[in-house]
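S.K.: The residues making up each chain are set out below.
Number of protein chains: 2
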Amino acid sequence: MAMDAAAEVDHLAAERAAARFDVEEMKVAWAGSRHAVDVADRMARLVASDPVFRKDNRTMLSRKDLFKDTLRKAAHAWRRIVELRLTEEEANLLRLYVDQPGYVDLHWGMFVPAIKGQGTEEQQQKWLPLAYKFQIIGCYAQTELGHGSNVQGLETTATFDPKTDEFVIHSPTLTSSKWWPGGLGKASTHAVVYARLITEGKDYGIHGFIVQLRSLVDHSPLPGVTLGDIGGKFGSGAYNSMDNGVLQFDHVRIPRDQMLMRLSQVTREGKYVHSDVPKQLLYGTMVFVRQSIVADASKALSRAVCIAVRYSAIRKQFGSQDGGPETQVLNYKTQQSRLFPLLASAYAFRFVGDWLNWLYTDVTQKLEAKDFSTLQEAHACTAGLKAVTTSVTAVARILMKTVSQLASGKQPVGTMAYMGKVQYLMQCKCAVNTAEDWLNPVAIQEAFEARALRMVVNCAQNVSQASSQEEGFYERSPDLLEAAVAHIQLIIVTKFIEKVQQDIPGDGVKEQLQNLCNVYALYILHKHLGDFLATGCITPKQGALANEQVRPNAVALVDAFNHTDHYLGSVLGRYDGNVYPALYEEAWKDPLNETVVPEGYHEYLRPLLKQQLKLSSRL
Amino acid sequence: MAMDAAAEVDHLAAERAAARFDVEEMKVAWAGSRHAVDVADRMARLVASDPVFRKDNRTMLSRKDLFKDTLRKAAHAWRRIVELRLTEEEANLLRLYVDQPGYVDLHWGMFVPAIKGQGTEEQQQKWLPLAYKFQIIGCYAQTELGHGSNVQGLETTATFDPKTDEFVIHSPTLTSSKWWPGGLGKASTHAVVYARLITEGKDYGIHGFIVQLRSLVDHSPLPGVTLGDIGGKFGSGAYNSMDNGVLQFDHVRIPRDQMLMRLSQVTREGKYVHSDVPKQLLYGTMVFVRQSIVADASKALSRAVCIAVRYSAIRKQFGSQDGGPETQVLNYKTQQSRLFPLLASAYAFRFVGDWLNWLYTDVTQKLEAKDFSTLQEAHACTAGLKAVTTSVTAVARILMKTVSQLASGKQPVGTMAYMGKVQYLMQCKCAVNTAEDWLNPVAIQEAFEARALRMVVNCAQNVSQASSQEEGFYERSPDLLEAAVAHIQLIIVTKFIEKVQQDIPGDGVKEQLQNLCNVYALYILHKHLGDFLATGCITPKQGALANEQVRPNAVALVDAFNHTDHYLGSVLGRYDGNVYPALYEEAWKDPLNETVVPEGYHEYLRPLLKQQLKLSSRL
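Protein chains in written order, with the working numbering: chain A, 1 to 619; chain B, 620 to 1238.
Simulated from the structure, these hints should not be mistaken for lab results. One should not assume that every hint holds.
Here are the computed lysine-lysine pairs in the DSBU-like style, where the Cα-Cα straight-line distance is at most 35 Å [stated by the list, open to error]:
| hint | chain 1 | residue 1 | chain 2 | residue 2 |
| --- | --- | --- | --- | --- |
| 1 | A | Lys299 | B | Lys952 |
| 2 | A | Lys527 | B | Lys1048 |
| 3 | B | Lys821 | B | Lys952 |
| 4 | A | Lys55 | B | Lys674 |
| 5 | A | Lys610 | B | Lys989 |
| 6 | B | Lys1040 | A | Lys614 |
| 7 | B | Lys752 | B | Lys1048 |
| 8 | B | Lys735 | A | Lys333 |
| 9 | A | Lys299 | B | Lys1146 |
| 10 | B | Lys674 | A | Lys333 |
| 11 | B | Lys687 | B | Lys821 |
All values derive from a computational prediction rather than experimental measurement.
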């Protein structure tokens, strides 16, 4: 049940009746467990039924009113979390369903984890209780006006002053202004600030510092701290509820013990020393953040595809015979070939996200036992899956490295294990002869493996011909990027196939997932046909597969995401499909409709129509 | 000179100095003539220097204030046009540079052309002078809540009443509400309304009617007319300046002579009669509208790519050696492989747009001589180039038809002429052996021809195997779409090659255009490598070309678009490249920065921080 209220109409009832699987069990497969479905359902309803959390007016609010509304919702959410004694799992879900980006996201998602990951035991004991009770609000001040992904290029300085046992935090240039951190502009009282640590005249690179920004008495910026919001972002509503901020320091002093000292310390005398905690631990945090991004991407895609599939089932266009009803847009093959691969991708990303979550836990446990063997692969795979181009190099490098070690007989493991079959994969011919053969997961997986391996080997050969490895990487970076993408797509397909090979209860649920897995794999195959053909692993004749299996189940497959109408926030994606009356009603709520004759008529329209515009050489 | 004011800094000076061609001559090649450059320059400066036309605050205005600002700018633009006695060419450019969508766009772009194209001589003499002087404001009311592209599905009725010699305009259902027309919501006094003509009890399908909507005395909606704005659109600013509207009729009566009667009439007695004017004339208008859309697409792309190239030259990231400066983002191959094909596309679309413009003139002249021979092709090509999927079928159909006629020995003409070489193209092997060979326009054109033809022939064979042609079209629609796209891309490449083969003055200008033509063609070739390989016209070894020729000229190539900073409206794309100080200054203008402590602090942040949130079971 994903409806907000008892629906009196269901324009999609026929679609739902035609579905060939058990939707309730598919919800379980999507959410991970029955418990996960139930708790999400409970939190979604709690939010949807609370008038404070309404969001249908969000696009009509001015930036100031939208921000104030965000503060109000955050306070109300916290009140409900306390009153109802919600668990951490419940509280996280409640915030998810409030669905309005704000300072709390950074407080819980970046400030607290940074202290947990990089603070000493004492620092955690001092700061975490304050953060847990919201006695302070924290954000994460890393990026600068002139520096984003390249953290080592940050310019903010933290210079140790042994006379007072303090660090002096300073912004030496305009481009060193902190720029973009969420929650910084207006809400946060504290930040973890990343700056170049300078002591005894030497620059030790980027470290984190806990810095108080605003007075806890009246919220005004502390002396030497300049704070502001960086202005509106593209899009109606959405991220404009967040106070992404700008921050400059003019020689702001903080006690020495506000440097996050888990990995390295500055002593009372100003000596820089490393602790014996391995610095690879920092990568663990990045792996965590990236796996959340993959999970978020799946959530966002599932919402978009839910709206698109439902509306495509409601919307009719062309195809009328003799004045009869027009054809549902969802019945057009061209629409199916666009939508169904995205529907399949939502499920594919969901399952690879589950695997990443497992990978993170596994890496963390190994790290604690000082086993770094899987860290590099986890780092590369999560970076690739996050698909941040600058970091994709990490994937490409590990692929190049693995290939170069094959000759020495070193057997690759984990997601690179397939490279061990190099002899076979480099010369295998695809056994697919008919379209139906593509429904065989073994054939799919082998085609993806052969394509990825051949692209990787080809890159490695080209890179090795360059005058230096760095030069080779630079010259071949677009090819390396494509090889890395091929590897990542192999991982996604593999994890989906693995999921489908498990026991999955519910009538028809497993069959639907198998079919979606095929749709995803064949979509990628079609989209990158050039790669598959160019590496010779398949021939031109092996092609296309119909989306026919998906069509009758499409609406039910998006129902299985279990999104409430409140969470979707879309008139077009309503559960009951009653789109047109709702669209019509919504339109009248625009402030422009408050008056029949618009403001400006008397000044600008009437004089024009009456040919009474005053002419002057200059206004 | 594209600067708004004398620049004191030019952070892009080194880029400009490195360019290997004459930028002033490239401006001529882009604009079409020296005259076109000069008049555009004059109008752009007129707008940029007028404080009424400022637009930097646009994203911060509420919807109501933005709309009022649009009315103000439209009135001021009209005042300037009258005062300065601007020509039609100048007035159109002035409106382009005002760069704020509003009712005038529909008045001049749709209302006036509809009356010109579909009105009789008498109707034109009555209505056009009123429109030309803005004594009335008109819009174009076609789409309905339930009906977009499928014009034949519209539900609004215009029923002739012989008793009073009037048409009764009526909206019989909710889905028949007019929905989306620009200028309708708040500004227009009149509309060309499309409705089903019913007379003597018979439905004669969709016809146009001039209907007055609002009082010319006080702008209030006339009796029986319900009018409103359909609400905010996605994006900050931009199309929210337009009053896209909703309109319902409750038995509104208009005189019979307000039916647009050039193609058909209803007599005083209610008889429906056709005039002897060929109805193909209607297609002429569609060809005109579509060629403007292609031209607009090129303009929009040129602005986006101008901003992206300039900022990529300013922005530095990674690649620092020993603490030296970081690398310009524009130097990364991955960035080049994204940006340069778009830069090349802006030029490619520009030149194919010029050709479409010629095609429109040619078709119009032929139509007046009752020669319909080229109309179908023009209709299909413009539809394809407009890339509206629903209409792309038109392209696919003409391709299928042309192929099927080959056997009968009928020689295809126009853009389909290459199909006459079917014997050769179906079995030719690409002569390209090295990357450099791809710089030969003959090789490029042949590869595109072979690919398009083989896809078309393949589709035709598959369609012919279906039980009926309609069934075949339905089943194969995704393939047909791809074949049509291949044909359209062939046209774009061909027109670019033809342009480059002309005499083009200016040092290095022709060479740059040749190079951009190659970049565009090879980008398409790489992107759709699967098609090229699958049809066997090229082999896997023939691949990749560097973007090296573009790099030193990139900034100058976007300078040649001659966009003012006002028109670009982008801090990141400033002509002088002085991005960071400007970005910093802009941020402070956000209304959220009016106060240091945000509104809502006392209600929602302070109680949270002070642990004084009032708990209650319900707010």
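S.K.: What are the numbers of the hints the structure violates, in ascending order?
M.R.: As far as the earlier hints go, 3, 5, 6, 7, 8, 10, 11 are violated by this structure, in ascending order.
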